[in-house]
Structure formats: structure tokens, C-alpha cells
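S.K.: Given only the sequences and the hints, what does the whole structure look like? Please build it.
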Amino acid sequence: DTAVSQTPKYLVTQMGNDKSIKCEQNLGHDTMYWYKQDSKKFLKIMFSYNNKELIINETVPNRFSPKSPDKAHLNLHINSLELGDSAVYFCASSPRGTGSYEQYFGPGTRLTVT
Amino acid sequence: GQNIDQPTEMTATEGAIVQINCTYQTSGFNGLFWYQQHAGEAPTFLSYNVLDGLEEKGRFSSFLSRSKGYSYLLLKELQMKDSASYLCAVNDYKLSFGAGTTVTVRA
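Protein sequence lines correspond, in order, to chains A and B.
Mind the numbering: the first sequence is residues 1 to 114 in this note's numbering, read in order.
Mind the numbering: the second sequence is residues 1 to 107 in this note's numbering, read in order.
If you're looking for bench data, these hints aren't it; they were derived computationally from the structure.
A portion of the hints provided could be inaccurate.
Dumping the calculated SDA-like pairs for lysine to any residue here, alpha-carbon to alpha-carbon at most 25 Å [unchecked claim]:
1. A:K22 x B:A39
2. B:K94 x A:S68
3. B:K94 x A:M46
4. B:K68 x B:E56
5. A:K44 x B:T104
Heads up, incomplete: computed chain A residues facing chain B, CB under 8 Å, no partners named [stated by the list, open to error]:
6. K41
7. F42
8. L43
9. I45
10. I56
11. F90
12. G99
13. S100
14. E102
15. Q103
16. F105
17. P107
18. G108
Chain B regions said to be covered by chain A (calculated; three or more residues, Cβ under 8 Å) [what the hints assert, rightly or not]:
19. 43-54
20. 90-99
Even glycine gets a Cβ: it sits at the ideal position worked out from N, Cα and C.
M.R.: Written out as C-alpha cells, the structure reads:
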């Protein structure tokens, strides 16, 4: 069974479009995250939710809007896509949100904006 | 701000030992993680150090010195499958990652 799953795995779209990425975890964890990994492989946190409540909101353009319908799901909606949004987006989860727990990462969504 | 430094690349021979250093200057510190990431895959957890000293897990060991802002990951008896990126991450109630060290293992 997949612990953290993301859909889609690949996403190719044009500038200006709106797209969503979905994430689900079946580990029973309270906390979920979105990370962005750019072309230089630098992994940077974007958002974190603990039991559906937003607890980390890094300096991210407001075109990015996360939504957590329940603690097992965390989605990421991106409006008006730009070329610089091209990256791999990873979802992750951990038992708690203090940062002291191992995080389990999903397989990633490779977003290409043309 | 967060400043986490690791070497960009390292190459070693199968069966050898490689040490990946990580230095950090961060506004807060609650521990340091090491993750492994194979090309095109997700990061996976290797180790977590909260207190000073060496933590050993099979072929992999991780060391932390909080006073020096320094950690290293030691990979022993290198295997071809160890070719990957190794990410150092500081826990300040959220993870701040270094840029990663790409290790290439040659036969």
C-alpha cells in the first residue's frame, strides 16, 4: 500500500492556466506538507497543515492556495501559472508538526509550464 | 535566516567510505536530519540527530556537534545503489534543507 500518494505524477500546461495537485496519506499522520524542488534540486517548504489547520505558510505567491479537506488529504491549487513555477512538487506527512518527526514523502509531481 | 552548506558532489569507489559534511547557521535548532534521494524519486529518511555525538545505523552513521554547527553523514562499504543525493535538513519546527550532495559510486 502506498503511504503518501500524489496525482498527477506529471503535469504539462501553458502559462496562465490554473491547475491542481492532490495528495493523500494513509499513515494516520496529523501533519502534511507541500515542498517545491527546483531545477537545482533545492527542496523548500511551502505550506504545512496540522489536522486541517494551516501552521506554516512560507513566502509563496498568493497564486498558490493549499486546501486540506481532512487530515488525510492536502491539495495544492495554482492560479495563473508562470514559467518559474516549473519544478517538482512533493507532498509529505509526519505524525506531528513540530519538525521532530521523520517525514514521509510522496513520489512528487513534475510540473512543466510552457 | 537559514544557511546550510554541503558539498555539491562527491565521487567514491565501491567498497570505500565517504563522509558528507554539513555546516549550518540557523535562527533556531531542534535537531538535524539526513535524507537520501535517488534521481527522480522522493527523499527518504536516513537519520535524525538531536544531541551531540554519533548515531550508527548499519552502514550509515551520522554525527552532530551543536556547538560547531556541524554534522556529517558517513557511508561505509559503499554500494552502487548508494549513488544518490544526500540532503542535510535542520529542524527549526520546520525543515530547512541544504542543496544536497550528489554521491557517485564507481565500480
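S.K.: If a hint holds in the structure, say so; if it does not, say that too.
M.R.: Each hint, compared with the structure:
| no. | hint | result |
| --- | --- | --- |
| 1 | A:K22 x B:A39 | holds (22 Å) |
| 2 | B:K94 x A:S68 | holds (18 Å) |
| 3 | B:K94 x A:M46 | holds (10 Å) |
| 4 | B:K68 x B:E56 | holds (20 Å) |
| 5 | A:K44 x B:T104 | holds (24 Å) |
| 6 | K41 | holds (5 Å) |
| 7 | F42 | holds (5 Å) |
| 8 | L43 | holds (4 Å) |
| 9 | I45 | holds (6 Å) |
| 10 | I56 | holds (5 Å) |
| 11 | F90 | holds (6 Å) |
| 12 | G99 | holds (4 Å) |
| 13 | S100 | holds (6 Å) |
| 14 | E102 | holds (4 Å) |
| 15 | Q103 | holds (7 Å) |
| 16 | F105 | holds (4 Å) |
| 17 | P107 | holds (5 Å) |
| 18 | G108 | holds (6 Å) |
| 19 | 43-54 | holds (count 5) |
| 20 | 90-99 | holds (count 8) |
Hint compliance for this structure: no hint is broken.
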